[in-house]
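Chains as they are written, first to last, in the working numbering: chain A, -19 to 322; chain B, -19 to 322; chain C, -19 to 322.
It is worth saying that the hints were derived from the structure and are not from the lab.
Be a bit skeptical, because a hint or two may be false.
Just so you know, same-sequence chains aren't split out, so a pair can sit in one copy or run between any two.
Each computed DSS-like pair below joins lysine-lysine, with the alpha-carbon atoms no more than 27 angstroms apart [stated by the list, open to error]:
hint	residue 1	residue 2
1	Lys311	Lys300
2	Lys147	Lys88
3	Lys311	Lys14
4	Lys147	Lys56
5	Lys147	Lys272
6	Lys173	Lys25
7	Lys56	Lys14
8	Lys147	Lys314
9	Lys300	Lys310
10	Lys25	Lys14
11	Lys14	Lys314
12	Lys25	Lys56
13	Lys300	Lys314
14	Lys307	Lys88
15	Lys25	Lys272
16	Lys173	Lys56
17	Lys272	Lys311
18	Lys25	Lys311
19	Lys272	Lys300
20	Lys14	Lys173
21	Lys310	Lys14
22	Lys147	Lys173
Here the structure is a predicted model, which is why all the values come from computation and not from measurement.
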Amino acid sequence: MAWSLGELAERSGAELRGDAAIEIERAADLREAKAGDLSFLTGGKFAEHLPATRASAVILAQEHAAACPCAVLVSKNPYLTYARAAALLYPRPRPPAGIHPSAVVHSKAEVNPSAVIGPNAVLDEGVRIAAGVVVGPGCVIGARSTIGEDSELVANVTLGTDTVVGKRNIFHPGAVIGADGFGMANDQGHWVKIPQIGRVVTGDDVEIGANTTVDRGALQDTVLADGVKIDNLVQVAHNVHIGEHSAIAGCVGIAGSAHIGAYCTLAGGVGVVGHLTIGDHIHVTGMSMVSKSLSEPGVYSAGVPLQSNRDWHRNFVRFKQLDDMAKRLKKLEKTLAEDAQG
Amino acid sequence: MAWSLGELAERSGAELRGDAAIEIERAADLREAKAGDLSFLTGGKFAEHLPATRASAVILAQEHAAACPCAVLVSKNPYLTYARAAALLYPRPRPPAGIHPSAVVHSKAEVNPSAVIGPNAVLDEGVRIAAGVVVGPGCVIGARSTIGEDSELVANVTLGTDTVVGKRNIFHPGAVIGADGFGMANDQGHWVKIPQIGRVVTGDDVEIGANTTVDRGALQDTVLADGVKIDNLVQVAHNVHIGEHSAIAGCVGIAGSAHIGAYCTLAGGVGVVGHLTIGDHIHVTGMSMVSKSLSEPGVYSAGVPLQSNRDWHRNFVRFKQLDDMAKRLKKLEKTLAEDAQG
Amino acid sequence: MAWSLGELAERSGAELRGDAAIEIERAADLREAKAGDLSFLTGGKFAEHLPATRASAVILAQEHAAACPCAVLVSKNPYLTYARAAALLYPRPRPPAGIHPSAVVHSKAEVNPSAVIGPNAVLDEGVRIAAGVVVGPGCVIGARSTIGEDSELVANVTLGTDTVVGKRNIFHPGAVIGADGFGMANDQGHWVKIPQIGRVVTGDDVEIGANTTVDRGALQDTVLADGVKIDNLVQVAHNVHIGEHSAIAGCVGIAGSAHIGAYCTLAGGVGVVGHLTIGDHIHVTGMSMVSKSLSEPGVYSAGVPLQSNRDWHRNFVRFKQLDDMAKRLKKLEKTLAEDAQG
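Just chain A, same shape as in the assembly (with noise of 0.2 angstroms):
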């Protein structure tokens, strides 16, 4: 969708050098932008492909203004203003309001007429779908779910049973939101199910990427809060909560009745260990394992360096000497102590 570059600015809270009328159909890599094109520049590392763009406008800070060849955007947070830009050049698309001929749709379900249901979805009993959301083709969505405004499930998404979706939410293919915990009780070494009776209950503007799992409360709720991201192939157990604003990358895994605050990220693959709850404001760095409660916000991180394969069995055979090397160390310097007294 084309625009003309004062609107973008202005629109965008961008300060505009150059041309108003220039118009700007397309975002594109400073090295790739053509006429037409608008490019951004977020740090120093791609600065040196700013001179020899064709883009038709960038977006910089104002350090890299005099450097461009072409008009400017100057923002102080050049990424936001290009995030707020593509919006409006790429608008999400959506099918024309209506329910396909091909859904299954319950008699006893509500589905807004603004609303879109696509081929092959079917609604449930009870499901009640608001204004202007989108359930894309195969989505299958579970008995009593309720779907708030302007939320999108693009295709082959599941919701179990009574699922809450707040507004604006976007679940992509493949996600399943409300699938039963993993709650078991012993008897003599067999597992027993425990019904899981809780749901998942999303704030607005949540995320969720493909083949996500976020699963039903066990008793209480699981709870995704306002502004929540997360991205694709994440395990979120029951009756976990996450905190406004937190963003959990791929691969992370967060285990049963976990506790996260808000504005925290997971770097991906991260593991939680159950029941733990971790403060607002913490970060943690890929692949490493929580396994304690965190209150003082920060950056956290586990994991050993990579190395080459060979050097990497020498040192590997040590991890297991670790607590007897810390003995001897504190034996030599017991006895130099000793030695040095004597």
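Given the coordinates of chain A, work out where chains B and C should sit on it, guided by the hints.
Just chains B and C now, kept in the frame of chain A:
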């Protein structure tokens, strides 16, 4: 589904202390329970909430009975008693028997009249569906697969061809059972696919979580024995065998031809290297890699502690020096021993 | 599909020693094979089963030929020869060409008459399906996506809009190719979505496992080059590039804009940090985190050994003391050196 407390006690095998006529309608957490609710207390941690509960009855151990303000069901294993009582209060809902008109059932598939085939389900040639089975919306059942009595495929589950599913299995949404294993030969750098002609065979009472994948065998079968429970987003590769009543938590990956014994538990994020044998009653803690066979029952662990990013960076560099440190330590010990002798 | 042993030998490039007229109907493990079965022996480990096999023929290396009680196909790479022979015995089944009446195909989609569009598949506007393609049951193909000749989407696969699939690709059930990447700018703590306008482009002979996710690019494309093979439950983030004939095992996560070379292997559970460059012929062992770029071909590893929980606890605490231990060790060395000089 409402029950009298007396009946719940009898059917769940607990000792009733209180009025057998009390009507129980729901289960609820101790703190949130109100009249008509049954709650439970499993461990000391939640005992503080017992005196103030407004539940109509609480399942608990003998030692906590005196502190309870309402009727009690005394049990040696309160969590198990709760599992049984909750199963009575919350029987799994099932739609009326029959094949939904939107389902696509091959003319050479056999469906027991008591089974449920949901909207948009697809059953290929030679599929056999036993009595009481529920095939939910959007499920795809490959040719010649068979599903045993009272099993349930919740929604959007895919079974590959020739899969054999036992009785009372539950497969959650997005699970893929019987896709090709990752088998390839190498031809001068190029990978050549090896047809995967084994099956997946599950015993009775197996449960498989949302978006979990269990690959068919390469030549022989992949086997999940009776009572195996698997959480969400678990990968079970070709030819794996998981023994009776073992439980596999979320995000676990089990590589090809691994053989896991009975009554094992693998915690979240564990990885098992291919072709290993893990004996019975072995328990592996979260995010550990099992890189050798294990025969001795017990608990096994790996992994390094989470630290502040700053502390971690300091220690991180030392991991590469471990072997060097060990050798230097040994040298110091030798020097000191010689000094002492000299 | 039955073949004479002579034909199998010729077509799989092996040297026949035995009766060319023997009819082979199936492939089977050495121990389970019976008359009419072809088996194979790849390594010394299974050689003990060779003398007692009841197979009609065995594929093996020259050195094992003498010990075989039946006809042999001698090969320098028995596993590769088996792959070729098994592909002849077990050709991938394909339904008859045509569009199933329950499929929903947009009026502006183009489907080659030799293609198969399965039950309940959904093809959006502008989709183009080449000759010989199989789109299985429940697959959803986003607008303007194209699928090259003889590719197969097994079942319940989702392709995002504008996805470009090469020839002879196989995508297993639940795979999601072309969903939005996890791209967000931060606005005073709140996340603002960045439209993901790149595509996923796959080369020829790419295979993608069950429930694996490959995100579309943010601006540029996510690319899987010719011959790339990806196992189940793998996350490939936006803008990732995977080079020719690289193989990625289950549960791997590759973060955004990582560039992986050709002929690489990533073992199960490996994580690759974003924006890294990994050269050609690099192999990473299981569950390692690749946190820096790698250019030197070779094998790389990380991770700590599995131990009994008791031993692990003892060593665990020392991980946090490593830097301290290293410094104390150095101090002791210095003290002793001074003593020796003094």
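Evaluation of the provided hints:
For the homomeric pair Lys311 and Lys300, the shortest alpha-carbon distances inside one copy (19 angstroms) and between copies (19 angstroms) are both at most 27 angstroms. When the C-alpha separation of Lys147 and Lys88 is checked against a cutoff of 27 angstroms, the pair qualifies only within one copy, where the shortest distance is 22 angstroms, while the shortest distance between copies is 32 angstroms. In this assembly of identical chains, the alpha carbons of Lys311 and Lys14 never lie at most 27 angstroms apart, being 70 angstroms within a copy and 62 angstroms across copies at closest. With identical chains, the CA atoms of Lys147 and Lys56 are never at most 27 angstroms apart, being 29 angstroms at best within one copy and 46 angstroms at best between copies.
In this homomeric assembly, Lys147 and Lys272 never come within 27 angstroms of each other (Cα to Cα): the closest approach is 33 angstroms inside a single copy and 40 angstroms across copies. Taking the closest pair of Cα atoms, Lys173 and Lys25 come within 27 angstroms of each other only across two copies (23 angstroms); inside a single copy the shortest separation is 54 angstroms, beyond that limit. For the identical chains of this complex, Lys56 and Lys14 are intra-copy neighbours only, at 24 angstroms inside a copy versus 53 angstroms across copies, given an alpha-carbon limit of 27 angstroms. Within a single copy, Lys147 and Lys314 get their C-alpha atoms no closer than 66 angstroms, and across copies no closer than 66 angstroms, so neither meets the 27 angstroms cut-off.
Taking the shortest alpha-carbon separations for Lys300 and Lys310, both the intra-copy value of 18 angstroms and the inter-copy value of 16 angstroms come in at or below 27 angstroms. Taking identical chains as interchangeable, the C-alpha atoms of Lys25 and Lys14 lie at most 27 angstroms apart only when both belong to the same chain, with a minimum of 21 angstroms there against 60 angstroms between chains. For a Cα distance limit of 27 angstroms, the shortest separation of Lys14 from Lys314 qualifies neither inside one copy, at 71 angstroms, nor across copies, at 64 angstroms. Within a single copy, Lys25 and Lys56 get their C-alpha atoms as close as 17 angstroms, which meets the 27 angstroms cut-off; across copies the closest is 49 angstroms, which misses it.
Proximity of Lys300 to Lys314 under the C-alpha cut-off of 27 angstroms is found in both arrangements, the shortest distances being 23 angstroms within a copy and 21 angstroms between copies. With identical chains, the CA atoms of Lys307 and Lys88 are never at most 27 angstroms apart, being 71 angstroms at best within one copy and 72 angstroms at best between copies. Taking the shortest alpha-carbon separations for Lys25 and Lys272, only the inter-copy value of 17 angstroms comes in at or below 27 angstroms, while the best intra-copy value is 37 angstroms. For a Cα distance limit of 27 angstroms, the shortest separation of Lys173 from Lys56 across copies, 18 angstroms, qualifies, whereas the shortest one inside one copy, 54 angstroms, does not.
Taking the shortest Cα distances, Lys272 and Lys311 never come within 27 angstroms of each other, neither inside one copy (31 angstroms) nor across copies (33 angstroms). In this assembly of identical chains, Lys25 and Lys311 lie within 27 angstroms of each other by CA distance neither inside one copy nor across copies; the values are 50 angstroms within and 41 angstroms between. With identical chains, the CA atoms of Lys272 and Lys300 are at most 27 angstroms apart both within one copy (23 angstroms) and between copies (15 angstroms). In the homo-oligomer, the alpha carbons of Lys14 and Lys173 lie at most 27 angstroms apart only across protomers (24 angstroms), although the nearest pairing inside one protomer, at 60 angstroms, exceeds that limit.
Taking CA atoms no more than 27 angstroms apart as the test, Lys310 paired with Lys14 passes in neither setting, with 66 angstroms inside one copy and 59 angstroms between copies. For the homomeric pair Lys147 and Lys173, the shortest alpha-carbon distance between copies (15 angstroms) is at most 27 angstroms, but the shortest distance inside one copy (33 angstroms) is not.
Consistency note: the structure conflicts with the earlier hints numbered 3, 4, 5, 8, 11, 14, 17, 18 and 21.
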